[in-house]
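*Asks:* In case you want the letters, here they are:
Number of protein chains: 2
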Amino acid sequence: MEIDERRAGHNMREVYLIGFGQIPVSKGREMRGRYMAREAITAALESATVEPADVSALFVGNMMAGMLAQQQQLGPLFADISGFRGVESMTLEAACGSGAAAARVGFSAIAGGLHDLVVVCGLERMTQAPREQITAALATAADWELEGVHGESFISLNARLMAMYMKSHSVTPEQFAPFAIAAHTNAMNNPNALLHKPIDLDAYLGSKMLSEPVKLMDAPPTCDGCAAVVLATRDVADAARRSGAPVVRMLASAVGTDSLAIDRRDNPLTLAGAEISSCKAYEQAGVTPESIDIFELHDAYTVITALSLEAAGFAKPGEGVRLGEEGVTAIDGRLPIATMGGLKARGHPVGATGIYQLVETTQQLTGTAGANQVKDPTIAMVQNIGGTGATVVTHILGV
Amino acid sequence: MEIDERRAGHNMREVYLIGFGQIPVSKGREMRGRYMAREAITAALESATVEPADVSALFVGNMMAGMLAQQQQLGPLFADISGFRGVESMTLEAACGSGAAAARVGFSAIAGGLHDLVVVCGLERMTQAPREQITAALATAADWELEGVHGESFISLNARLMAMYMKSHSVTPEQFAPFAIAAHTNAMNNPNALLHKPIDLDAYLGSKMLSEPVKLMDAPPTCDGCAAVVLATRDVADAARRSGAPVVRMLASAVGTDSLAIDRRDNPLTLAGAEISSCKAYEQAGVTPESIDIFELHDAYTVITALSLEAAGFAKPGEGVRLGEEGVTAIDGRLPIATMGGLKARGHPVGATGIYQLVETTQQLTGTAGANQVKDPTIAMVQNIGGTGATVVTHILGV
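The listed protein sequences derive, respectively, from chains A and B. Using numbering that gives the first Met the number 0, the first residue of the first sequence is number 0, and each one after it goes up by one. Using numbering that gives the first Met the number 0, the first residue of the second sequence is number 0, and each one after it goes up by one.
Bear in mind the hints are in silico, worked out from the structure with no lab data behind them. Be aware that a few hints might be false.
Claimed, not checked - With the C-beta cut set under 7 Å, the calculated list includes, among others, these residues of chain A facing chain B:
1. TYR34
2. GLN72
3. ALA78
4. GLY82
5. PRO129
6. GLU131
7. ILE133
8. THR134
9. THR139
10. ALA140
11. HIS149
12. GLY386
In this text, a Cβ means the ideal position worked out from N, Cα and C, and glycines have one as well.
With the hints as constraints, model all of the structure from the sequences given.
*Replies:* In structure tokens, the structure reads:
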């Protein structure tokens, strides 16, 4: 029996993102998760010009609430507090890719004809926990048996990838700097970003070494955040657009995966999950990398930025860093990335990140990105990664 | 703008369960979760007469691996070890309803046209953790802010419900006994059940008081388990049936939710989430409670059994216990429940329970339930609950 995912999908409906809400990414905020969620969800519904009673499902992306806040079942909890108790609801976990995984399930519900209007919410609240608890919680994204138990942390695994990349491709530390510098520059104009502090090459090179060769400026900050989007059918989207809602079409939604453990991969410098996820998304949307005007990628670590650009077909192996050096990925370049600060400077509230990415990309496509507005983008790709490339969720949005 | 979930769904495809695998529910087994999953998934694929290469997505139900085993991202981890690395994969969490929540997403993927063949796996491995860690992990199913932080445990919350039920409806402890006794009896003939020990009324009444009025024999045992099912389109199911696979149609898949906190509900003795979930399922399947031949319900606590029977329309408020007393819910009764031992005696490996329920129901519908075979069932309802009724996932299967 031969089965191919590509055979499926012929009868699916068009899916639209019709509204969004976000709260500023922060550190040490007292507000509990449920109230963060209510704020983001309420803003998203208002933006979509719909009411809580219009919502028929809620999908929540979260990685650590059970481990750090003694709270699971976020789905019904957030539905209840947001005014639509009773609807279908559940939590999606794919480590740092949890937010986009929830969006993928929301997309499927609309595309497949199961729901007409759903909310997708990403939440992570980490900074109230002690540092060692956060580190342990993040390490659950890796393969515990093959990596975590041997003392590997999420940072040390990314350090291994970065060292391997530098050695294989004769790349110097300086070459990663443009990604971090541009992210910090872009965050300056994003009021919802955590960091509003420009950095230069000296600041990058002089930043604290976390795990050779990963420096503080290669890594994302620990933070709290919550964002939400409303997904709906074309009919609902048409009505929302007439009411002034920001509407973009979701042209593709795809997930690719890989082994969790780096050592189980043929070539750790190839993000196979990202290749699969990107290829599926291109095929669904009927586009090629050349059509992409913005790539909101998962810049959790500068080496992941380079590897993501390569896996998605924008650069050959070892040449991802060049796109940063040559300004291609700058806000005014051919392929802007991290346009509102990215994980590096907007911040990486783990399970919320994938939703912040969708929100920011919608701002770009609807011309409301403010000072960081990219000129007339029509197609954008958004990619959210769990672990060191184990889960990769890609969405392509268009106007 | 008016949106109603019922408007959706008209173009959905038929969904079939075409194979299953389960490992015996156990305590203190040394095998790590990934190997339990590989065993159950491999058995499910063999039963469905398909190969790992035929699988295009894996949805995993799990509640506690992050908290108790330092491992998240079970989706790609299990896909990798089961021979289909790279496919779409993610974890679904809905507390004790996680297994069925994963099945719901698998159902949606097939019904909606996103995939033609998917695997759904439920896993929980708890018994290697210290007792207090397990209790804390289970408490995350409740509302931490309103319940957990005040010292409520999952047992104490169910004790509150049971006390309320007994008082409101003048029900005595003896009246709950038939549910527990029948579950233990049924488990005797299930080689995959945890408990193979018949109990009588004296044993029930004399069992240790856990939290007044909940006794040991009202509650499910802590245990480990893993089960998997294969879901597919009609075309795939037809081919599988010709190859000898056990095939049943999934006539309905529905989720209803409620507040997590009992005190936020108008009437805690009405499981509103179960009412919503059951009603949606009946409507999807085009059946009424009278059509249901077997009800594999979520007998986590005897009071939940009574409340579930009432919420699903099989008994009036306060009369659920009578169905046990009158033998209606016995294996040879009009509406058998817990036919292979239920949560009480097969065991309740939390995130796996919803999948064990689907497996056992498929055994019944395909006439392979052995000594516990119900006579000629054609339609069965399966219900899995997260928390004290916060998430309720209902499936209706038919042959």
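*Asks:* With reference to the structure, classify each hint as holding or not holding.
*Replies:* Hints versus structure:
no.: 1; hint: TYR34; in the structure: 10 Å, violated
no.: 2; hint: GLN72; in the structure: 5 Å, holds
no.: 3; hint: ALA78; in the structure: 6 Å, holds
no.: 4; hint: GLY82; in the structure: 12 Å, violated
no.: 5; hint: PRO129; in the structure: 16 Å, violated
no.: 6; hint: GLU131; in the structure: 13 Å, violated
no.: 7; hint: ILE133; in the structure: 13 Å, violated
no.: 8; hint: THR134; in the structure: 11 Å, violated
no.: 9; hint: THR139; in the structure: 4 Å, holds
no.: 10; hint: ALA140; in the structure: 6 Å, holds
no.: 11; hint: HIS149; in the structure: 12 Å, violated
no.: 12; hint: GLY386; in the structure: 6 Å, holds
Hints 1, 4, 5, 6, 7, 8 and 11 from the earlier list are contradicted by this structure; the remaining hints agree with it.
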